[in-house]
Structures are given as C-alpha cells and as structure tokens.
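The whole structure should be built from the sequences, with the hints applied where relevant.
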Amino acid sequence: AQKITQTQPGMFVQEKEAVTLDCTYDTSDQSYGLFWYKQPSSGEMIFLIYQGSYDEQNATEGRYSLNFQKARKSANLVISASQLGDSAMYFCAMRDLEDDKIIFGKGTRLHILP
Amino acid sequence: SQTIHQWPATLVQPVGSPLSLECTVEGTSNPNLYWYRQAAGRGLQLLFYSVGIGQISSEVPQNLSASRPQDRQFILSSKKLLLSDSGFYLCAWTVESGAGELFFGEGSRLTVL
Numbered sequence: 001a002q003k004i005t006q007t008q009p010g011m012f013v014q015e016k017e018a019v020t021l022d023c024t025y026d027t028s029d030q031s032y033g034l035f036w037y038k039q040p041s042s043g044e045m046i047f048l049i050y051q052g053s054y055d056e057q058n059a060t061e062g063r064y065s066l067n068f069q070k071a072r073k074s075a076n077l078v079i080s081a082s083q084l085g086d087s088a089m090y091f092c093a094m095r096d097l098e099d100d101k102i103i104f105g106k107g108t109r110l111h112i113l114p
Numbered sequence: 115s116q117t118i119h120q121w122p123a124t125l126v127q128p129v130g131s132p133l134s135l136e137c138t139v140e141g142t143s144n145p146n147l148y149w150y151r152q153a154a155g156r157g158l159q160l161l162f163y164s165v166g167i168g169q170i171s172s173e174v175p176q177n178l179s180a181s182r183p184q185d186r187q188f189i190l191s192s193k194k195l196l197l198s199d200s201g202f203y204l205c206a207w208t209v210e211s212g213a214g215e216l217f218f219g220e221g222s223r224l225t226v227l
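Protein sequence lines correspond, in order, to chains H and L. Residue 12 in this note's numbering sits at position 12 of the first sequence, and the numbers go up by one each step. Residue 183 in this note's numbering sits at position 69 of the second sequence, and the numbers go up by one each step.
No lab work stands behind these hints, which were simulated from the structure alone. None of the values given here were measured: they were computed from a predicted structure.
Some residues of chain L that are not near chain H, with every Cβ distance over 10 Å (derived):
(1) Gln116
(2) Pro122
(3) Leu125
(4) Gly141
(5) Gly168
(6) Pro183
(7) Asp185
(8) Leu196
Calculated cross-link-like contacts (lysine-lysine; reagent style DSBU-like; alpha-carbon spacing at most 35 Å):
(9) H:Lys106 <-> L:Lys194
(10) H:Lys106 <-> H:Lys3
(11) H:Lys16 <-> H:Lys3
(12) H:Lys16 <-> H:Lys70
(13) H:Lys106 <-> L:Lys193
(14) H:Lys101 <-> H:Lys70
(15) H:Lys101 <-> L:Lys194
(16) L:Lys193 <-> H:Lys3
(17) L:Lys194 <-> H:Lys3
(18) L:Lys193 <-> H:Lys101
We put the beta carbon where it would ideally sit given N, CA and C, even for glycine.
Quick look at the structure:
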C-alpha cells in the first residue's frame with residue numbers, strides 16, 4: 001500500500017536560515033509524482049513544487065527545491081533563506097500515475113522565528 | 115481559466131442529520147476529482163476520488179458517500195452524521211492523466227454537535 005511519512009510534527013527555525021522538511025514515501029509503482037503544498041492558517045492549499053519519478057534533475061521553484069532521492073524513497077523540501085511568511089503547515093503528497101490516487105502525509109508545522 | 119468552487123463554506127449540523135457538500139469545476143473537462151478531510155491540526159485524509167462520471171473510488175469505509183452526477187460535479191453526502199465527521203473538507207481536481215498539480219477548493223468547515 002502507498003504511504004507518505006513526514007516525521008517532523010513541528011519545527012522552529014530562525015529567519016533567513018535554510019530549512020529542510022523531511023518526506024519519505026512507500027510505493028511499488030514505477031510511475032508516480034511527488035508534491036509539496038503549503039497551508040497557512042487561512043486553510044488554503046498552496047502548491048509549491050512537483051517532482052516526477054522519472055525526472056532526473058531535482059525540481060526547483062524560486063526558494064523551494066525538492067531533494068529527490070529515488071533509491072531512498074525520499075523527497076525532502078528545502079526552503080532557502082526562510083521568511084516569516086513561510087510559517088505554515090507543509091504537506092508532502094504522492095500521486096500514483098497509474099490510478100490517479102493522491103495521498104498526503106500528516107504534515108509538518110513550520111515556525112519561522114524573527 | 116479553470117476554477118473550482120465548493121459550498122457551503124461553513125456548516126453546523128446536529129448528530130444524526132444528513133450532509134451534502136458540493137463541488138464544481140469550471141473551465142476544464144473530464145477532470146479527476148477528490149474529496150479530502152482534515153481534522154483540526156492534522157493531515158489530509160483521502161476520502162473519495164473519481165476519474166470519470168459514475169466512477170468513485172472509496173478510501174475510507176464509513177458513513178460517507180460520494181457521487182459524480184456530471185463531469186465537473188462532485189458531491190459528498192451522509193445520511194446520518196457522527197461527531198467524528200467534524201472537520202475541514204477539501205475538494206480538489208487535477209487533469210485526467212499524467213503529471214500536474216492538484217487544485218483545491220476553498221474548503222468546507224463542518225462542525226457536528
């Protein structure tokens with residue numbers, strides 16, 4: 001069965017420091033996609049970054065990068081130069097590209113300290 | 115451009131009452147549709163997803179059901195709500211196949227008393 005694991009329930013980071021949010025996944029499928037979403041206190045879900053299982057290069061979007069290690073089944077999110085506005089809940093998700101099922105991890109609550 | 119709407123935004127219901135949450139997508143055809151539930155401060159639990167009209171995959175056997183009567187409409191229902199049904203319900207869509215982000219609605223906050 002597919003599973004997403006985020007082992008950090010909460011993190012406190014000083015402003016301007018880099019942050020790594022951990023995500024490991026379990027699937028027997030060869031074709032899948034990995035996402036990261038940000039959820040501020042307002043509840044909206046904000047898409048950050050996507051990585052396909054066949055993509056050889058790590059995805060990057062501005063200050064966000066996805067450290068994809070396929071053999072270890074990990075897809076960590078790296079936020080460079082953190083800002084106060086980065087304080088939010090962060091979710092890792094996986095899409096099975098064969099049946100289109102999309103599951104999420106339990107999330108990591110990130111607090112950026114001034 | 116594509117948009118997704120879900121309603122109602124907020125709902126307070128007594129235990130044992132029925133439920134209907136609706137979700138509509140505009141500007142695309144044959145989307146994949148998803149219902150998630152988020153308990154307070156917790157992760158997103160996949161409840162149902164649909165890859166086409168009348169095709170519903172259920173992930174959690176409980177007192178909820180879903181229907182897709184039209185291509186871009188997804189409905190979450192219950193005949194009798196439980197206290198444990200309280201939470202934040204999110205509808206989402208994505209393109210029918212391949213890579214692509216999941217687009218979320220504004221969410222519906224349900225409180226069962």
